[in-house]
Amino acid sequence: GAVVSQHPSWVICKSGTSVKIECRSLDFQATTMFWYRQFPKQSLMLMATSNEGSKATYEQGVEKDKFLINHASLTLSTLTVTSAHPEDSSFYICSARDTYGQYYTFGSGTRLTVV
Amino acid sequence: LAKTTQPISMDSYEGQEVNITCSHNNIATNDYITWYQQFPSQGPRFIIQGYKTKVTNEVASLFIPADRKSSTLSLPRVSLSDTAVYYCLVPSSGGSYIPTFGRGTSLIVHP
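If you read the protein sequences in the order shown, they are chains A and B. One point on numbering: in our numbering, the residue at position 67 of the first sequence is 1047, and numbering is uninterrupted. One point on numbering: in our numbering, the residue at position 53 of the second sequence is 126, and numbering is uninterrupted.
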């Protein structure tokens, strides 16, 4: 079945630095990918929809200048957390649905810790 | 946007059958219903998907009544490793399929 690879699985960074998270569709092309954030014991919260070749669509309350999304190819979307602060510490998950699929495949997630 | 409602938590014992029901009253005609399982610090994993009536695979069954306003995930003979959070997903937003999650059901399987 469809596989979505997400890297890194965990990252620790200093406050004020930027961190990039990659999401790749390994065996299918994904024109649309989704980025989520999940805090402990909470559900996945949709942050943005990433569209190949165009600007991402951000959910209300998500700062687009802080969470930069780039979807430059049909198999890769990246999320960059800029000027990270401790409150950005969370579990970030990406998802994609291939053109012919009926369901969404999720990456394994990235645990971001900002110290 | 099709909103889903599930019980927040459920408890069961090894070997029992577990049924988790999800309400999705405003499901759209073209929407499929998909269930996912999530373990701590992992991404959601696909379990089963259906459109109507009954679907069965090697790990679960999915029951969908004729009005499709709810669905029930059935896990036969659960084990400790089935302890996880289960989400039903009905993505729809005016034709743009956006997968938005509800709160999910935390299932705890006891020995």
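No wet-lab data here; the hints were simulated from the structure. Note that beta-carbon positions come from the ideal geometry of N, C-alpha and C, so glycine has one too. Check the hints yourself; a few may be wrong.
[As the list claims (entries may be wrong)] Below, a list of computed lysine-lysine pairs in the BS3-like style, where the Cα atoms sit at most 27 angstroms apart:
| hint | chain 1 | residue 1 | chain 2 | residue 2 |
| --- | --- | --- | --- | --- |
| 1 | B | K127 | B | K142 |
| 2 | A | K1000 | A | K1044 |
| 3 | A | K1044 | B | K142 |
| 4 | A | K994 | A | K1046 |
| 5 | A | K1021 | B | K76 |
| 6 | A | K1044 | A | K994 |
[Unchecked claim] What follows is a list of derived Cβ distance ranges for each label pair:
| hint | chain 1 | residue 1 | chain 2 | residue 2 | range |
| --- | --- | --- | --- | --- | --- |
| 7 | B | N130 | A | H1065 | 14 to 24 angstroms |
| 8 | B | E87 | A | K1044 | 26 to 36 angstroms |
| 9 | B | S114 | A | S998 | 42 to 52 angstroms |
| 10 | A | S1088 | B | R176 | 41 to 51 angstroms |
Now for the hints, and whether the structure bears them out:
Note on B/K127 and B/K142: the hinted pairing holds, with a Cα-Cα distance of about 14 angstroms set against a maximum of 27 angstroms. Taking the CA atoms of A/K1000 and A/K1044, the gap is near 14 angstroms; set against the 27 angstroms cutoff, the hint holds. Distance check on the hinted pair: A/K1044 and B/K142 sit about 35 angstroms apart at the alpha-carbon level, beyond 27 angstroms; violated. Distance check on the hinted pair: A/K994 and A/K1046 sit about 16 angstroms apart at the alpha-carbon level, within 27 angstroms; holds.
For the hint pairing A/K1021 with B/K76, the CA-to-CA distance comes to about 20 angstroms; that is within 27 angstroms, so the pair holds. Of the supplied pair hints, the one linking A/K1044 and A/K994 holds, its CA atoms being roughly 21 angstroms apart against a limit of 27 angstroms. The hint said 14 to 24 angstroms for the Cβ distance between B/N130 and A/H1065, and at roughly 43 angstroms that hint is violated. In this structure, B/E87 and A/K1044 break the distance hint of 26 to 36 angstroms, their C-beta atoms being roughly 47 angstroms apart.
For B/S114 and A/S998, the Cβ-Cβ distance of about 23 angstroms falls outside the hinted range of 42 to 52 angstroms, so the restraint is violated. Remark: the range hint 41 to 51 angstroms for A/S1088 to B/R176 is contradicted by a beta-carbon distance near 22 angstroms.
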